[in-house]
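Protein chains: 2
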Amino acid sequence: MPELRRDPISGRWVIISIERGKRPTDFVSPLQKRKAGGFCPFCPSNEHTTTPEIIAFRPASTPPNSPGWTLRVVPNKFPVLHIHGDLNKRGEGVFDMMNGIGAHEVIIETPDHLQSLATIPLRAVEDVLWAYYFRLADLKKDIRFKYVLIFKNEGEAAGASLDHSHSQLIALPIVPKTVREEMESSKKYYDSKERCIFCDIINQELQTGKRVIYENDKYVAISPFAPRDPFEAWILPKKHESSFSPSDKSFVSLAEALQRILKQLDRVLDTPPYNFILHTSPFKDEINDYYHWHIEILPRLIKRAGFEWGTGFFINPTPPEEATKFMREVKA
Amino acid sequence: MPELRRDPISGRWVIISIERGKRPTDFVSPLQKRKAGGFCPFCPSNEHTTTPEIIAFRPASTPPNSPGWTLRVVPNKFPVLHIHGDLNKRGEGVFDMMNGIGAHEVIIETPDHLQSLATIPLRAVEDVLWAYYFRLADLKKDIRFKYVLIFKNEGEAAGASLDHSHSQLIALPIVPKTVREEMESSKKYYDSKERCIFCDIINQELQTGKRVIYENDKYVAISPFAPRDPFEAWILPKKHESSFSPSDKSFVSLAEALQRILKQLDRVLDTPPYNFILHTSPFKDEINDYYHWHIEILPRLIKRAGFEWGTGFFINPTPPEEATKFMREVKA
Numbered sequence: 157m158p159e160l161r162r163d164p165i166s167g168r169w170v171i172i173s174i175e176r177g178k179r180p181t182d183f184v185s186p187l188q189k190r191k192a193g194g195f196c197p198f199c200p201s202n203e204h205t206t207t208p209e210i211i212a213f214r215p216a217s218t219p220p221n222s223p224g225w226t227l228r229v230v231p232n233k234f235p236v237l238h239i240h241g242d243l244n245k246r247g248e249g250v251f252d253m254m255n256g257i258g259a260h261e262v263i264i265e266t267p268d269h270l271q272s273l274a275t276i277p278l279r280a281v282e283d284v285l286w287a288y289y290f291r292l293a294d295l296k297k298d299i300r301f302k303y304v305l306i307f308k309n310e311g312e313a314a315g316a317s318l319d320h321s322h323s324q325l326i327a328l329p330i331v332p333k334t335v336r337e338e339m340e341s342s343k344k345y346y347d348s349k350e351r352c353i354f355c356d357i358i359n360q361e362l363q364t365g366k367r368v369i370y371e372n373d374k375y376v377a378i379s380p381f382a383p384r385d386p387f388e389a390w391i392l393p394k395k396h397e398s399s400f401s402p403s404d405k406s407f408v409s410l411a412e413a414l415q416r417i418l419k420q421l422d423r424v425l426d427t428p429p430y431n432f433i434l435h436t437s438p439f440k441d442e443i444n445d446y447y448h449w450h451i452e453i454l455p456r457l458i459k460r461a462g463f464e465w466g467t468g469f470f471i472n473p474t475p476p477e478e479a480t481k482f483m484r485e486v487k488a
Numbered sequence: 157m158p159e160l161r162r163d164p165i166s167g168r169w170v171i172i173s174i175e176r177g178k179r180p181t182d183f184v185s186p187l188q189k190r191k192a193g194g195f196c197p198f199c200p201s202n203e204h205t206t207t208p209e210i211i212a213f214r215p216a217s218t219p220p221n222s223p224g225w226t227l228r229v230v231p232n233k234f235p236v237l238h239i240h241g242d243l244n245k246r247g248e249g250v251f252d253m254m255n256g257i258g259a260h261e262v263i264i265e266t267p268d269h270l271q272s273l274a275t276i277p278l279r280a281v282e283d284v285l286w287a288y289y290f291r292l293a294d295l296k297k298d299i300r301f302k303y304v305l306i307f308k309n310e311g312e313a314a315g316a317s318l319d320h321s322h323s324q325l326i327a328l329p330i331v332p333k334t335v336r337e338e339m340e341s342s343k344k345y346y347d348s349k350e351r352c353i354f355c356d357i358i359n360q361e362l363q364t365g366k367r368v369i370y371e372n373d374k375y376v377a378i379s380p381f382a383p384r385d386p387f388e389a390w391i392l393p394k395k396h397e398s399s400f401s402p403s404d405k406s407f408v409s410l411a412e413a414l415q416r417i418l419k420q421l422d423r424v425l426d427t428p429p430y431n432f433i434l435h436t437s438p439f440k441d442e443i444n445d446y447y448h449w450h451i452e453i454l455p456r457l458i459k460r461a462g463f464e465w466g467t468g469f470f471i472n473p474t475p476p477e478e479a480t481k482f483m484r485e486v487k488a
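Taken in order, these protein sequences are the chains called D and S.
Sequential numbering of the first sequence, starting at 157, is according to our numbering.
Sequential numbering of the second sequence, starting at 157, is according to our numbering.
Chain D with its partners taken away, still in its complex shape:
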């Protein structure tokens, strides 16, 4: 019998097809391994082909936009939003609109074209997290922006248009629908129970253990109860934190958790395409008792029928308890 499961935060229902449960080998992973050769704007010596860097981690002896860096953040050359201008919020009868003001940046995670977040040194993963944090702190000063979406498209099937490992950031003058919904829903839960719903989920998952993929001193990685995608994984701080930030001024434990999960996915699913999305509180409500920041990792293993977007209703052939077992069994 398939199961209908409800995600307690978003309220979406997911069909878990237990009896048709798909094993990792049932998925044909469309990710092509990275290859050397060919021109890449993100590779060292091609710095002049990107928009000038906003920040970079590089020896003090090297000038900006020259080789020697280990990480660069540059404005997207083809930004979906423009950084200059005012919002000019306006209505048109029943409709609402504003100018497409925002920031669109690219975090180039490594100088090595052949590496991924799963294979770079742990220290480099920490740096990626620090880059996210620094950019968030900087963009927060711009009063036009309400939210910064940080996400990664790994592999063509996940939407990556360039092979070289990178994440993206879009600063927005609005709070996106999903974030707003998560905030409202977790606030409602808090209002009735005086507890954070994410904290409750973490406690329950740590007690039963059956969906816990990994934990270290500060973070836990789980297969969510009602995952949209096979092998979907969430990484959350164990202690309540409403906004993305280093724990005790360090990103070591988070980098460990993130890289561990990515390594495990690569092992179990043969380097699958995936997206991850950082979910954090909007700027104007950064510190609160009810929202709990986290990272959602969504492997792109199954072709989605468009109706699933149109309905917010998902069919997942792999129960999260099974996915958890496979993830635990491999060595990272």
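Rather than coming from a laboratory, the hints here were simulated on the basis of the structure.
The reader is advised that the hints may include incorrect statements.
Identical chains share a label here; the pair holds if one copy fits it or two copies do between them.
Mimicking DMTMM-like on lysine to aspartate or glutamate, the simulated pairs with C-alpha atoms at most 25 Å apart in a straight line are [what the hints assert, rightly or not]:
#1 Lys-343 to Glu-478
#2 Lys-297 to Glu-371
#3 Lys-343 to Asp-441
#4 Lys-296 to Asp-319
#5 Lys-233 to Glu-312
#6 Lys-344 to Asp-426
#7 Lys-302 to Glu-337
#8 Lys-395 to Asp-356
#9 Lys-459 to Glu-312
#10 Lys-459 to Asp-373
#11 Lys-344 to Glu-412
#12 Lys-333 to Glu-159
#13 Lys-366 to Asp-356
#14 Lys-394 to Glu-159
#15 Lys-459 to Asp-182
#16 Lys-366 to Glu-248
#17 Lys-459 to Asp-426
#18 Lys-344 to Glu-209
#19 Lys-245 to Glu-478
#20 Lys-440 to Glu-464
#21 Lys-349 to Glu-337
#22 Lys-296 to Asp-283
#23 Lys-189 to Glu-442
#24 Lys-349 to Glu-209
Based on these hints, arrange chain S on the given structure of chain D.
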């Protein structure tokens, strides 16, 4: 300057990339035209290979599950939900679940393997709409079901696994998230204005005209103000109707509008893959003043980065006003 537009019903924001506006010829349509040859379970003479038909439009002289039909409705051979059993709703701490009870049916729209909804006789399109209506009326009697999702995946890129033209139906023991949200949002609007938000949108669109693709006596087809996809189109009854039903006991005008839009999409975009989804009120609230049933047609022209599902935030390179112009210029 790109524009940020808000869909007034769902509340989702969409970036309309006006200056990078894509013309129809910029999209490479991945739909392969239908080909003859090869075994097809939906073709006449193969009726025994499907699950026995629930209803069929066929001469009285022909027995069930034999050739001669013009339309068949059959249970999906690989249903995502099971028809037999009880719901056994239960909790698991903070989580909610129930058995995967439901109906999953396939509407085979034509006996001709090479035709599509855009090319079959208008009368056959009417029959498809009648089949939807009859199945809704029948499934409504099952008190376990709260909603029936009716949708079509046309082309492999839209999720179709079989070539032969068909739609699908999933009867659900829950109301899916998107429907629930649309109901809540339009109720809120009605509560404050005593008007249906869809009626307001239709009136405004008919006045300005710039996003009206087509209208006949009873239906209007528009490019929505904040479309997720290039050439997204909605078909709505002009007069307020909360649930999908024939207008004056006829589906002629709706069939005309639907087929017209599908023909125009085929002409403008060279038979693109698409999904359409019927949005109608849930069974327990079928007649109401605030929700307005409609069909949403979503061509699958651009590869979605997974982050767009994860955030409910979309980037659309074709302004709906441009799409409307292209659609109006072609002969259907």
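**Q.** Structure-inconsistent hints, enumerated in ascending order
**A.** 1, 2, 4, 6, 10, 11, 14, 18, 23, 24
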